[in-house]
Amino acid sequence: GAGVSQSPSNKVTEKGKDVELRCDPISGHTALYWYRQSLGQGLEFLIYFQGNSAPDKSGLPSDRFSAERTGGSVSTLTIQRTQQEDSAVYLCASSLAPNNYEQYFGPGTRLTVT
Amino acid sequence: AQSVTQLGSHVSVSEGALVLLRCNYSSSVPPYLFWYVQYPNQGLQLLLKYTSAATLVKGINGFEAEFKKSETSFHLTKPSAHMSDAAEYFCAVTLSGAGSYQLTFGKGTKLSVIP
Numbered sequence: 001g002a003g004v005s006q007s008p009s010n011k012v013t014e015k016g017k018d019v020e021l022r023c024d025p026i027s028g029h030t031a032l033y034w035y036r037q038s039l040g041q042g043l044e045f046l047i048y049f050q051g052n053s054a055p056d057k058s059g060l061p062s063d064r065f066s067a068e069r070t071g072g073s074v075s076t077l078t079i080q081r082t083q084q085e086d087s088a089v090y091l092c093a094s095s096l097a098p099n100n101y102e103q104y105f106g107p108g109t110r111l112t113v114t
Numbered sequence: 115a116q117s118v119t120q121l122g123s124h125v126s127v128s129e130g131a132l133v134l135l136r137c138n139y140s141s142s143v144p145p146y147l148f149w150y151v152q153y154p155n156q157g158l159q160l161l162l163k164y165t166s167a168a169t170l171v172k173g174i175n176g177f178e179a180e181f182k183k184s185e186t187s188f189h190l191t192k193p194s195a196h197m198s199d200a201a202e203y204f205c206a207v208t209l210s211g212a213g214s215y216q217l218t219f220g221k222g223t224k225l226s227v228i229p
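Chains A and B, in that order, give the protein sequences.
Be aware that the first sequence starts at 1, since it is given in our numbering, and climbs by one per residue.
Be aware that the second sequence starts at 115, since it is given in our numbering, and climbs by one per residue.
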């Protein structure tokens, strides 16, 4: 079946611009995660959605980062006023409760802020 | 809080030799442990997982790992390296019974296989 998909695969933006990254989870998966992979910090958790519950935003690095999940499916990660340190690969993963520890990752979006 | 330490950011082995990638964890409650593999420009693929059943777990592509509570380790092994094993490997931990199961990753170990 179809896996997790992310778009765009690559995004180059100028410092100060806003960007939106999209994630389509595996159909039927109730949980969705965003992670960031950067040279300096490795892989970091950003945010977690589970069904209709309030998201766990504890990993978001600043208030310039936000995410939403519409209809319990597609998610969008938005970065406002991008900075060069936001350059990274943004990975999305989904899982099926109750085994939310078994996460399936998408290919990622490589964001470059110039 | 939990953490993962992977010893060796880069490991080189000869084709056909044993692969050993080291992972030590720190966790306040019983952990769930994972190894993921990442090929260039791709996402993460789950190799194997430990979720408190058998301590020796077998995964895909001939890899296995053993959970050793006394050593807080979860090292990844493969008896005979293949060229296609060249990739970056990440050990990860999450807390059993946790609501979100967010993963905490190690820094990764890049495996090179020498023909």
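It is possible that some hints are incorrect.
Covered by chain B, per the in silico footprint, the following chain A stretches (three or more residues, Cβ under 8 Å) [to be verified]:
1) 65-74
2) 89-100
With a Cα cut of at most 27 Å, we get these calculated DSSO-like pairs of lysine-lysine [said to hold, decoys possible]:
3) A:11 - B:221
4) B:182 - A:57
5) B:163 - A:11
6) B:163 - B:182
7) B:224 - A:57
8) B:182 - B:224
In silico contact screen, one side only, chain B against chain A (beta carbon under 7 Å); selected entries [said to hold, decoys possible]:
9) 139
10) 143
11) 144
12) 153
Hints were generated in silico from the structure; no laboratory data involved.
Ideal Cβ placement from N, Cα and C applies to all residues, glycine included.
Hints, one by one, checked against the model:
no. : hint          : verdict
1   : 65-74         : violated (count 0)
2   : 89-100        : holds (count 4)
3   : A:11 - B:221  : 24 Å, holds
4   : B:182 - A:57  : 32 Å, violated
5   : B:163 - A:11  : 33 Å, violated
6   : B:163 - B:182 : 14 Å, holds
7   : B:224 - A:57  : 30 Å, violated
8   : B:182 - B:224 : 23 Å, holds
9   : 139           : 14 Å, violated
10  : 143           : 13 Å, violated
11  : 144           : 12 Å, violated
12  : 153           : 10 Å, violated
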